[in-house]
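Undergrad: Mind assembling these two chains? They're in different frames, but the hints should get you there.
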Amino acid sequence: MIQIRGLRKWFGSLPVLRGVDLDIADGEVVALIGRSGCGKTTLLRCINFLEEYDGGDIRLDGEALWYRDDAARGRRRVSEAEARRMRQTMGIVFQQYNLFPHMTVLENVVLGPRFSQHVPAAEAEALGRRLLTRVGLDAKISAYPAQLSGGQQQRVAIARALAMRPKILLFDEVTSALDPELVGEVEDVIRALLSDRIMMVLVTHALGFAREIAHRIAYLAEGTIVELGTPAEILDRPKDPTLKEFLRRMR
Amino acid sequence: MGGVPPGSFALLLHGAAVSLLLAAVAIAGGTVFAIALATLAFSRLAVVRAVYGLYVYVVRGTPLLVLALLVFYALPALDLRTGPYIAGTLVLVLYVGALFAEVFRGGVLAIPRPQWESARSLGLPPFAKFRKVIAPLVTRYTLPPYVNVCVMTVKASSVLSIISVWELTLAAREIIERTFAVFTILGMAAALYFVMCFGLDRLGRRLERHLLRRGFVGERA
Numbered sequence: 104m105i106q107i108r109g110l111r112k113w114f115g116s117l118p119v120l121r122g123v124d125l126d127i128a129d130g131e132v133v134a135l136i137g138r139s140g141c142g143k144t145t146l147l148r149c150i151n152f153l154e155e156y157d158g159g160d161i162r163l164d165g166e167a168l169w170y171r172d173d174a175a176r177g178r179r180r181v182s183e184a185e186a187r188r189m190r191q192t193m194g195i196v197f198q199q200y201n202l203f204p205h206m207t208v209l210e211n212v213v214l215g216p217r218f219s220q221h222v223p224a225a226e227a228e229a230l231g232r233r234l235l236t237r238v239g240l241d242a243k244i245s246a247y248p249a250q251l252s253g254g255q256q257q258r259v260a261i262a263r264a265l266a267m268r269p270k271i272l273l274f275d276e277v278t279s280a281l282d283p284e285l286v287g288e289v290e291d292v293i294r295a296l297l298s299d300r301i302m303m304v305l306v307t308h309a310l311g312f313a314r315e316i317a318h319r320i321a322y323l324a325e326g327t328i329v330e331l332g333t334p335a336e337i338l339d340r341p342k343d344p345t346l347k348e349f350l351r352r353m354r
Numbered sequence: 089m090g091g092v093p094p095g096s097f098a099l100l101l102h103g104a105a106v107s108l109l110l111a112a113v114a115i116a117g118g119t120v121f122a123i124a125l126a127t128l129a130f131s132r133l134a135v136v137r138a139v140y141g142l143y144v145y146v147v148r149g150t151p152l153l154v155l156a157l158l159v160f161y162a163l164p165a166l167d168l169r170t171g172p173y174i175a176g177t178l179v180l181v182l183y184v185g186a187l188f189a190e191v192f193r194g195g196v197l198a199i200p201r202p203q204w205e206s207a208r209s210l211g212l213p214p215f216a217k218f219r220k221v222i223a224p225l226v227t228r229y230t231l232p233p234y235v236n237v238c239v240m241t242v243k244a245s246s247v248l249s250i251i252s253v254w255e256l257t258l259a260a261r262e263i264i265e266r267t268f269a270v271f272t273i274l275g276m277a278a279a280l281y282f283v284m285c286f287g288l289d290r291l292g293r294r295l296e297r298h299l300l301r302r303g304f305v306g307e308r309a
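Here the protein sequences line up with chains P and L, keeping their order.
Under the numbering used here, the first residue of the first sequence carries the number 104, and numbering increases by one thereafter.
Under the numbering used here, the first residue of the second sequence carries the number 89, and numbering increases by one thereafter.
One chain only, chain L, in its complex shape (with noise of 0.2 Å):
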């Protein structure tokens, strides 16, 4: 173990500042793509559902090591010249927004049948029964796993060190390999994705509070 030199720390929480932005890019891509996704999983036609599940299982079934590695170097294959950033970003966006998109998808089937029933009854058109009744309830349902999946993809992040983006844990190995001060700077690159997720999960918790304090109280009785 050698000694670490100044500046470590402010190299790591650099590195720290890029995998949240990553981490916050993709669960905002991922939610908006799993939005889209989610939708398939309820299309009438059963070719547009089967899209739909093949998609999940295959992005779901694949290590994001193995996924991300896979569109780093398709894309340039495929003429796209991005760099590490984008195909990253893109590898997470597509992972997260599976992720995401089975959330929701339990979510929609958690919305109690007269529900359903009553925004028939009140003839409401597809795009206001899903801003004012399905996205509200499927919110509400689902925000535990919703913040389980973010809290993931910050530490999924990590993965995308493997081809050469510069976050967190790529800023961790490259101070260590001058240094070799292994565990003082893996304990503070731990430290600061305990951070990253700690706060990300009472955010969660937060907000959870918030969105039952308003109309669900009498149902967490």
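Next up, chain P with everything else stripped away, as it sits in the complex (with noise of 0.2 Å):
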């Protein structure tokens, strides 16, 4: 499980996270909504230290994350090799499917099990293959991203973060940049995770989406976690006023 404890974060003078505390429980999906510029997609790339932070702190399964608290030196990141153990822990999943271009489809998803995980080569590939299979792309396995659709592209991405075996996954608005028409097969793949019971968070627009999916659901505001409750309580009992006028925007 996830424990986040006052998570705090400035960009400068500005301060984007005030004290952010939110639990995910072993198998639990919660989606993170609010309006641009409430702190939700920071909140989310902190989660795995795309971000730093400034203050407080989040524990995987008990162990504290990023940054440890030395009593002759105060808060200090942990080392870049921790950093890199503690990522493969976690997945996430950009807006912009940010695969690499120049390798393929199957390629971009061995990489990390190969590289960072030392899995042995045909392992890798047997694994690739498996998850290839499973977001239904197992046909553009010597494919190029260039030459997949967005939705292809992010279901590879989906794939590859899949391919570390981690945690928990992160969805970072995965279908904002798609067409419509493309939105649904993500949809598809992450609704089929569920049967994993694996830990997700996704910062999403797609309401209609986190109410399917999501077992609870954060209302952010301003840097903090204003509301948090079941998606009936959220979507249809608010009780924060600006998330009420939120939720009218949003229809």
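Please note that the accuracy of each hint is not assured.
To be verified - Label-pair distances were calculated between CB atoms; the ranges are:
1) HIS308/P <-> ARG301/L: 54 to 60 Å
2) ARG233/P <-> ARG132/L: 35 to 41 Å
3) SER252/L <-> SER245/P: 50 to 56 Å
Said to hold, decoys possible - Below, a list of computed lysine to aspartate or glutamate pairs in the DMTMM-like style, where the Cα atoms sit at most 25 Å apart:
4) LYS217/L <-> GLU226/P
5) LYS217/L <-> GLU183/P
6) LYS270/P <-> GLU205/L
By construction, these hints were calculated from the structure, which means they are not laboratory data.
Cβ atoms here follow ideal geometry from the backbone N, Cα and C, with glycine treated the same way.
TA: Listed below in structure tokens is the structure:
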């Protein structure tokens, strides 16, 4: 499980996260919603340390991630090697897919297991093929990203994240850049992951999808979680006036 | 204008082969040197970055001719008896290395931030990241300017004739001194330089097409 306590971050003098607390249980799916600039993407990126943060801590199965408190020297980042090891427990999927353009689909998926986790080539390739079959792209194994549609690229990106056998998957607005007719295929893949009972955090504007797959939804505003609850609680019976306003605008 | 003695062309051809060999060694050595240099430019330590900047500015800001004379006379003063070929190759490597390093630095800067983040999120160790992500991307981004420097290297090798490296330009000068066939011989030499440079250019284009066909098709629409 993930425990986030008092997470704070500034961009210069601008506070973007003002003390975020959030627990994610094993197998739980949490959606982060809120208007742009509310800090939801920053929160997601802090979880796997693509963003540094200034205070608070994040624990995965009890282990403190990214920073160590040292009696003599205060709060310090963990070493690069430790950060790499910790990152391998997480997978992230980006809005713009971010596949490596010079590698085939299979090479993209196999890269992490092969070179970060030192899985033997044959084994990594078998894993890659299995995952690509799972996202419905076994026919595109030797294609390059530029030869694929956005939806297909995003499915490869999900397979690439899964290839690390992560404990938690982070999704950063993964359908926002897609043409509307391609959204469904990516949502189908994410839906199918529910049976894996893997932790998932999704930053999303697709409220319908969030309602369907999230166990809980967190509504963020101005760098804090203002309301947290089941999809029905957040979307049907919102209490916070800014959340009500947000939902009205999203309809 | 005197007559051109038979065998002149063969001699020039031989000189051209030496020029090409010098350039090839300089390009290979300069590339390796430049990769090492360019990593300095991205050091976390400001001192190391300053060393990089200083080297590039000094070498790039000095005429190759001056640099060649400097190294040629400096090496014996340091008790290194090397002769013109070693000194000449060294000068070219040092010079071309600075130019390549700037090319590579530009290539690294051109890697989009999302690509770095992808590599980071996979937890790739530094060497794997360099070999599998940075190097292939930089190669694709920098091929045209890289070939540009390669072509320049072939022509720049002519400067080494000043420190008595026997290559195409010195061969031409020797023949001219004996025959006074200035324009014919210089014309032939120029033609040989052109052929070498043109060949390199075509090679670069083919490589470019080959690399870009694999994976960058969509980005060149």
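Undergrad: Output the numbers, in ascending order, of every earlier hint that fails for this structure.
TA: 1
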